[in-house]
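There are 2 protein chains.
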Amino acid sequence: MRIALLGGTGDIGRGLALRWGRDTEHELLIGSRDPERAREQAEAYTSELADRGADADFKGFENAMAADRADVVILAVPAYHLVDTVEAVADRLDPETVLVTPAVGMQRDEDGFHYNRPGPGSVAALAESAKPDDVPLVGAFHNLPAGGLADLDSEFEWDTLVFGEDEDAKATVSQLAAEIEGLRPVDIGGLANAAEVEAVTPLLINVAMNNDELHDLGVKFQ
Amino acid sequence: MRIALLGGTGDIGRGLALRWGRDTEHELLIGSRDPERAREQAEAYTSELADRGADADFKGFENAMAADRADVVILAVPAYHLVDTVEAVADRLDPETVLVTPAVGMQRDEDGFHYNRPGPGSVAALAESAKPDDVPLVGAFHNLPAGGLADLDSEFEWDTLVFGEDEDAKATVSQLAAEIEGLRPVDIGGLANAAEVEAVTPLLINVAMNNDELHDLGVKFQ
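The listed protein sequences derive, respectively, from chains C and R. Here the first sequence stands for residues 5 to 226, numbered as in the working numbering. Here the second sequence stands for residues 5 to 226, numbered as in the working numbering.
These are computed hints drawn from the structure, not numbers from a lab. Accuracy of the hints is not assured; some may be wrong.
[Said to hold, decoys possible] Cross-link-like lysine to any residue pairs, in silico, SDA-like; alpha carbons within 25 Å at most: (1) LYS224(R) - GLY186(C); (2) LYS63(R) - ALA150(R); (3) LYS224(C) - ALA154(R).
[As the list claims (entries may be wrong)] To give an idea of the interface, some chain R residues facing chain C are shown, with a C-beta separation under 8 Å as derived from the structure: (4) ASP113; (5) TYR119; (6) ASN120; (7) SER158; (8) GLU161; (9) ILE192; (10) GLU200; (11) VAL201; (12) ALA203; (13) PRO206.
[What the hints assert, rightly or not] For each label pair, taking beta carbons as the anchor points, the in silico distance ranges come out as: (14) ARG41(R) - GLY151(C): 49 to 59 Å; (15) ASP137(R) - ASP113(C): 47 to 57 Å; (16) ALA94(C) - GLU217(R): 36 to 46 Å; (17) ASP216(R) - GLU183(C): 38 to 48 Å; (18) ASP137(R) - ARG188(C): 42 to 52 Å; (19) ASP157(C) - GLY186(R): 22 to 32 Å.
A virtual CB, placed ideally from N, CA and C, is assigned to each residue, including glycine.
Take these sequences, add in the hints, and give me the full structure.
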């Protein structure tokens with residue numbers, strides 16, 4: 005499968021790229037607004053995995069080119085770039101492409117981080133309204149700590165909540181999640197359940213901020 | 005220590021009562037608006053633990069009488085009764101009493117349960133505005149499944165997030181949480197961080213609704 009990681013040079017994009025690179029055979033397309041930066045980062049990931057004896061296939065492209073070639077497009081960009089990014093690649097998507105949002109909107113005040121719920125109800129709902137109607141959207145990979153995910157020496161047992169209206173698209177993304185060692189996809193229904201999922205990310209940051217012994221936290225439902 | 009469980013005949017109250025009854029030596033005051041119902045339930049808990057060979061001390065009182073006698077008062081009532089309940093016991097509280105809210109506001113639609121965030125920012129903020137200024141408020145025990153908590157045959161490893169502005173009061177409640185076997189208190193800062201904690205409860209219900217193999221779910225940060 006071809007997976008495009010738009011924003012694949014950033015925090016969560018880096019972790020997903022390295023994990024899929026190590027744990028799967030998928031073709032990984034690193035997307036960035038700057039194609040040169042995307043190519044450099046793809047080389048860096050390839051080299052990092054080669055040093056670990058893993059033979060992974062990363063290529064770098066400008067975001068729209070990456071999306072055009074991909075079966076699954078991960079919107080690994082900050083929430084405030086989500087709609088821009090969807091609009092920039094919209095005419096490269098088709099009904100066979102699965103669009104995935106891990107994006108979370110947060111704001112910080114003196115007490116910690118807080119979920120900044122957008123007017124349409126969730127960050128995912130913003131993406132839903134920006135994408136072509138016939139392209140399925142799935143939410144996943146919201147509540148993973150970027151540092152722990154990108155550190156291949158770190159082992160974990162984390163859950164990732166998966167939501168969306170298209171069951172086939174959800175199954176595809178759940179399978180990709182399950183292929184990352186230690187990650188379990190957990191179905192949480194439709195797009196209407198997105199806000200509570202997105203709100204877990206600031207909660208995890210607040211837990212880490214208040215507990216020296218807890219860091220790079222994920223969540224497990226048990 | 006004397007712990008009053010207002011709404012101690014209900015779901016989460018029942019689980020906390022039975023767990024503290026089995027795992028600690030604390031004096032447990034079961035509160036209800038109906039003192040007769042409180043006494044009957046206290047007898048039922050005593051009898052249930054006696055059948056398991058545990059010698060627990062439950063007494064039943066009308067809510068205000070229970071609050072009057074207690075060092076820690078748990079508001080184990082539905083969110084829509086929280087302010088009523090605080091107001092009904094307010095003149096029985098003093099600055100040495102710790103008030104604890106596990107309450108969560110939810111609404112259900114066809115997709116599942118959703119966090120119903122009150123105007124002041126959280127359910128805990130409603131309790132904060134209803135209580136006497138000098139009585140400390142702590143949030144805890146929000147994200148525990150009532151069924152699994154009350155089933156003493158069930159073992160678990162769950163976290164409970166603890167928030168509040170008074171560090172001593174938080175320490176008292178965290179200690180009480182840690183005394184329940186399998187439960188770990190996790191500090192999440194001040195009252196401003198309450199909403200994300202409260203929103204985890206509908207998320208847990210949605211996970212259980214969408215996954216036959218996952219039920220009576222708690223959460224572990226790791």
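Evaluation of the provided hints:
Note on LYS224(R) and GLY186(C): the hinted pairing holds, with a Cα-Cα distance of about 15 Å set against a maximum of 25 Å. With a C-alpha separation of about 21 Å, the suggested pairing of LYS63(R) with ALA150(R) holds against the 25 Å cut-off. For a cut-off of 25 Å, the pair hint linking LYS224(C) to ALA154(R) stands: about 21 Å separates their Cα positions. Hint status for ASP113(R) relative to chain C: holds, with the closest Cβ pair at about 7 Å, below 8 Å.
With its C-beta approaching chain C no nearer than about 6 Å, TYR119(R) sits inside the 8 Å limit, and its interface hint holds. Given hint, ASN120(R) at the interface with chain C, is violated; its Cβ is 11 Å from that chain's nearest Cβ, farther than 8 Å. Interface restraint check for SER158(R): the shortest CB-CB distance to chain C comes to about 12 Å, outside 8 Å, so the restraint is violated. With 8 Å as the threshold, the beta carbon of GLU161(R) comes within range of chain C, its nearest partner Cβ sitting at about 7 Å, so the hint holds.
For ILE192(R), the interface hint holds, since its Cβ comes within 8 Å of a Cβ in chain C; the closest pair sits about 5 Å apart. Interface restraint check: GLU200(R) against chain C, minimum CB-CB distance 4 Å, threshold 8 Å, status holds. A distance limit of 8 Å between C-beta atoms decides the matter here; for VAL201(R) the minimum to chain C is near 7 Å, and the interface restraint holds. A least Cβ separation of about 5 Å between ALA203(R) and chain C falls short of the 8 Å threshold, and the interface hint therefore holds.
Of the supplied interface hints, the one on PRO206(R) holds, with its beta-carbon coming within about 6 Å of a beta-carbon of chain C, less than 8 Å. The supplied range of 49 to 59 Å is met by ARG41(R) and GLY151(C), whose beta-carbon atoms lie about 51 Å from each other. Separation of ASP137(R) from ASP113(C) is about 22 Å and departs from the stated range, judged on CB atoms against 47 to 57 Å. The supplied range of 36 to 46 Å is met by ALA94(C) and GLU217(R), whose beta-carbon atoms lie about 37 Å from each other.
The given range of 38 to 48 Å is broken by ASP216(R) and GLU183(C), whose C-beta atoms sit roughly 23 Å from each other. In this structure the hint that ASP137(R) and ARG188(C) lie 42 to 52 Å apart at CB holds, the actual value being about 45 Å. Between ASP157(C) and GLY186(R) the C-beta distance comes to about 30 Å, which sits within the given range of 22 to 32 Å.
The structure is inconsistent with the numbered hints 6, 7, 15 and 17, although it conforms to all the rest.
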